[in-house]
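From just these sequences and the hints, can you work out the full model?
Now for the letters of each chain:
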Amino acid sequence: MRILVVGDGKVGHSLAENLAREDHDVVIIDKSSQVLQKSIDMLDVMCIKGNGANIHTLMEADPKNVDVVIAATASDEINMLCSMLARRLGAKYSIVRIRDPEYNDSLPLLQSELSIDMTINPERTTALEISRLLRYPFASNIESFAKGSVEMVEFRSCKKDPILGIPLKRLMNRKHRAMQVLYCAIERENEVIIPNGDTVIQEDDHVYVAADMVSITAFFKYLGRNAFPVRSVMLLGGGRISYYLSKMIIPLGIAVTIVEIKQDKAEALSEALPDANIICGDGTNRDSLEQEGLTKMDAFVALSDRDEENMIAGLYAAKLGVGKVIVKNARSGYQEVADMLKLDSVVSPKNITCDTILRYVRARSNSRGSSVEKIYRLLSGKAEALEFIARADAAYIGVPLRSLKMRKDTLIAVIVRNGRVIVPFGDDHIEAGDDVIAIAKGSMIVDLQEIVQA
Amino acid sequence: MKIKLILNLLAKLLGMQAISMLPSLAVSIRFGDGDWLAFVQTIVIICALAVPTIVITRKAEKNLGAREGMVVVALTWILFSFFGALPFVLSGVIPDLENAVFESVSGFTTTGASVMPVLEGMPRGIMFWRSFTHWIGGMGVLVLALAVLPSITGRTSHLLRAESPGPSLSRLVPKLGETAKILYTIYGALTLVLVLLLMLGGMNVYDALIHAFGTAGTGGFSNRGLSVGGFHSPWIEGVITLFMLLFGVNFTIHYRLLHGGWREARKDEELRVYLLIAFFGIMLVTASILPHYQGNLLDAIRYGSFQVSSILSTTGYSTADFNQWPQFTRVLLVLLMFIGSSAGSTAGGIKVTRIMMLVKGARKQLRQLLQPRRVQVIKMDGKAVEDGMLSLVATFFFVYMMLLFAGTLLISLDNQFNLETNLTATLSCLSNIGPGLGAVGPMGNFSQYSVFSKMVLSLCMLAGRLEIFPMLILFSPSVWRKQA
Chain A
1 MRILVVGDGK VGHSLAENLA REDHDVVIID KSSQVLQKSI DMLDVMCIKG NGANIHTLME
61 ADPKNVDVVI AATASDEINM LCSMLARRLG AKYSIVRIRD PEYNDSLPLL QSELSIDMTI
121 NPERTTALEI SRLLRYPFAS NIESFAKGSV EMVEFRSCKK DPILGIPLKR LMNRKHRAMQ
181 VLYCAIEREN EVIIPNGDTV IQEDDHVYVA ADMVSITAFF KYLGRNAFPV RSVMLLGGGR
241 ISYYLSKMII PLGIAVTIVE IKQDKAEALS EALPDANIIC GDGTNRDSLE QEGLTKMDAF
301 VALSDRDEEN MIAGLYAAKL GVGKVIVKNA RSGYQEVADM LKLDSVVSPK NITCDTILRY
361 VRARSNSRGS SVEKIYRLLS GKAEALEFIA RADAAYIGVP LRSLKMRKDT LIAVIVRNGR
421 VIVPFGDDHI EAGDDVIAIA KGSMIVDLQE IVQA
Chain B
1 MKIKLILNLL AKLLGMQAIS MLPSLAVSIR FGDGDWLAFV QTIVIICALA VPTIVITRKA
61 EKNLGAREGM VVVALTWILF SFFGALPFVL SGVIPDLENA VFESVSGFTT TGASVMPVLE
121 GMPRGIMFWR SFTHWIGGMG VLVLALAVLP SITGRTSHLL RAESPGPSLS RLVPKLGETA
181 KILYTIYGAL TLVLVLLLML GGMNVYDALI HAFGTAGTGG FSNRGLSVGG FHSPWIEGVI
241 TLFMLLFGVN FTIHYRLLHG GWREARKDEE LRVYLLIAFF GIMLVTASIL PHYQGNLLDA
301 IRYGSFQVSS ILSTTGYSTA DFNQWPQFTR VLLVLLMFIG SSAGSTAGGI KVTRIMMLVK
361 GARKQLRQLL QPRRVQVIKM DGKAVEDGML SLVATFFFVY MMLLFAGTLL ISLDNQFNLE
421 TNLTATLSCL SNIGPGLGAV GPMGNFSQYS VFSKMVLSLC MLAGRLEIFP MLILFSPSVW
481 RKQA
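Going line by line, the protein sequences match chains A and B.
First residue of the first sequence: 1, per the numbering used here; consecutive thereafter.
First residue of the second sequence: 1, per the numbering used here; consecutive thereafter.
No wet-lab data here; the hints were simulated from the structure.
Bear in mind that the values here come from a model prediction, so they are computed numbers and not experimental data.
Honestly, I wouldn't trust all of these hints.
[To be verified] Derived SDA-like pairs: lysine to any residue, alpha-carbon spacing no greater than 20 Å straight-line:
(1) A/Lys342 x A/Val192
(2) A/Lys49 x B/Ser170
(3) A/Lys374 x A/Arg359
(4) A/Lys382 x B/Gly388
(5) A/Lys31 x B/Gly388
(6) B/Lys383 x A/Asn51
(7) A/Lys31 x B/Met389
(8) B/Lys2 x B/Gly65
(9) B/Lys383 x A/Gly50
Here you go:
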């Protein structure tokens, strides 16, 4: 497909990188020739310098043949304009980043009037992800599939876990509720392992398990992890994510304390969030953090604008014994450092935005059959969890899994049939309409048939 | 410096060269002039070197930096020139290696400067190879590599940027591999049309191919001592005049002509200036050689337009000995040698875009002197040109001139020829034209230069074809220093 990315910022560049790798024709428009230079050096894309809302610039990108236009400049208004123009000039779909809360309530109207197919608000999406992590603090990452009936959870194995050193096939055999989870993938030293029966979990692995929430909770109780939801949380930084997050979790009865350094911002927040406890103070100052009762908090979320501050504050909170620490990272380069420091829950608005958009594009690019319902990327894209809905006319329907030819380094993790979660064995089969969740190393799979062949 | 990656790429590219010899091998077998063995030997030698290297370095990492890109391009061209020379040596057509390398460099860089005093009666497979190097070198070795093997390495834009002529790399479509394919398709189609038109003028297939390769790559090797003039056909001369100018046009414009029609293409500033230069060049030359042809206007136009088109497109074919023309005309032709054709074409020279930027820059500086507070932005095709680009072009021009003078100085060590010959010989090599004035005029050749001078001129040709910086970088010690 031909994809036009307007705005070569963090999200734009990362999208272009992924889309070009998936063999799409990518055209980038940006006003700054410096950032374009970087993209043209690193990626196989075409770059056009100019304003994406300028009709001449857009015409250069040949909008008649554009399949998806993604507007991700710094300005919401330019994004909307540019998407509208591109659609009028012939682009087939448009995705627009709109982040200002002011536009929140008018989104449905804007979408229909400006013919926008999808809007994305990175801060709100990130807040949603954080709220899930706060509900299940044992997970360093969590993603739900099949309309919430299956959860895939990442955790880091530690020394006293009873599952270490035992081959998975023996773990899976035990008739214990806590053992009814599927081990989807293991990350060890930056490599992804798609496990089989003989794989053994070692200390410090990142393990991804999938099952319904009851089994998952039982599993973590068995591991001796903290499975209680968070009741109180301290947020560092009073930005948009903090605002959206507070809006989401205060109604759940979680006590929110926000530490914001700027007086006017703190006042505005206090006005917008009357139920939150807003503190005007320096979040990097340990005394002020302790004074506001950090030690008594169930969770600490570092959401300031600076990645470094977030990591340091997060480490400090972890040292004080706060049960759940989540840090925001805007740049992806720090992912490995955060991992080394054992900061497990790192959220990146950039990655979340990219994943959401990629999922949309991938669904549009599939013209053949069972489209990808959901994509969740593990270890910055080295592996993916994909959700498909099986189609009635596919060759794999009704064939026992053991007689199907599986693609290398892939795994059928879970089958959901009429709301019932099946952790499949060789005798199980796929039926039409099943939700199938598969794990695949590498990326670029758009169809279930690429994974299983009859 | 990622030596392993570089070796891996070079070996793959060499393998491609071996494949590119197959058409010549077929021709030599078809005509049976006894030169087929030379090709087989060369192909075996290349494979014996390339295949083990590919196997040993197959696990090299794939990320190519800008520096490695330039180094790979420069080394590729040097290796291609060397191995491309082997058929000449092995067949005995050019027995000594230094002359054969000169001929091969001249072929790949589409210069067309020859050291062969006699062309008639040579084995036809070898002569085919000699012209075929023009065709490959014209559009570029790496463009070809990318068109057939798009996944040859990651970050391929560094390779293409170092090879394609002009200040910046323009993409026709988002994917570079696709762009390369389109470029070669247009190139091949135009060449095919040219072959057919030449055959319509009475050439046989073989001669038509030889001259189509020479024209398409803007090279200038012929299989006749008198070059295109040897055919005495106004039709052939007319067709070649037109196509030399066509191949001097940016291929982006050919692409746009196919897609958006003439209106899209006409907007291009460089194209207009290029055509104006060609038009006024032909007018001035025709007017000035009128007395030389005893006032015969038709002859003057015929010979004038051919020579101008040949020099401007840096092809170097000739239908008349312009060495004998009036002084004014000769100087005019030397000026055209500097300019060359459009960026993104198969031609050499400084390029019309760069000249335009230099002129606009000079005008800006002059105005600045008169009105120091005046704010001016230089525009090309209605878009602002950044200062970085301008200073790069100015630097390019300076280094071009320095190389010209350095080359002239070095080949003057021979103490054989006068300044006119030496200067135009160097310029002709640097701009990838072929003939110069004096002893290296259209009727002369380069065989009398010493081995050292031939090496200097070969380096000039390579530097000219790769637009200088990739070649100069090879000689910079910091490139080879070990660091991240």
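Tested hints:
A distance of roughly 18 Å separates the Cα atoms of A/Lys342 and A/Val192; the hinted pair therefore holds under the 20 Å criterion. Among the hinted pairs, A/Lys49 with B/Ser170 is consistent with the structure: their alpha-carbon atoms are about 12 Å apart, no more than 20 Å. Of the pairs offered as hints, the one joining A/Lys374 and A/Arg359 holds, with about 6 Å between alpha carbons and a cut-off of 20 Å not exceeded. For the hint pairing A/Lys382 with B/Gly388, the CA-to-CA distance comes to about 38 Å; that exceeds 20 Å, so the pair is violated.
Distance restraint check for A/Lys31 and B/Gly388: the Cα-Cα separation of roughly 16 Å lies within the 20 Å cut-off, and the hinted pair is therefore satisfied. Proximity of B/Lys383 to A/Asn51 is assessed by CA-CA distance (about 13 Å); at most 20 Å being required, the pair is judged to hold. For the proposed pair A/Lys31 and B/Met389, the alpha carbon gap of about 17 Å is at most 20 Å, so the pair holds. Using a Cα cut-off of 20 Å, the hinted pair B/Lys2 and B/Gly65 holds, with the two alpha carbons roughly 9 Å apart.
A distance of roughly 10 Å separates the Cα atoms of B/Lys383 and A/Gly50; the hinted pair therefore holds under the 20 Å criterion.
Checked against the numbered hints above, the structure violates only hint 4.
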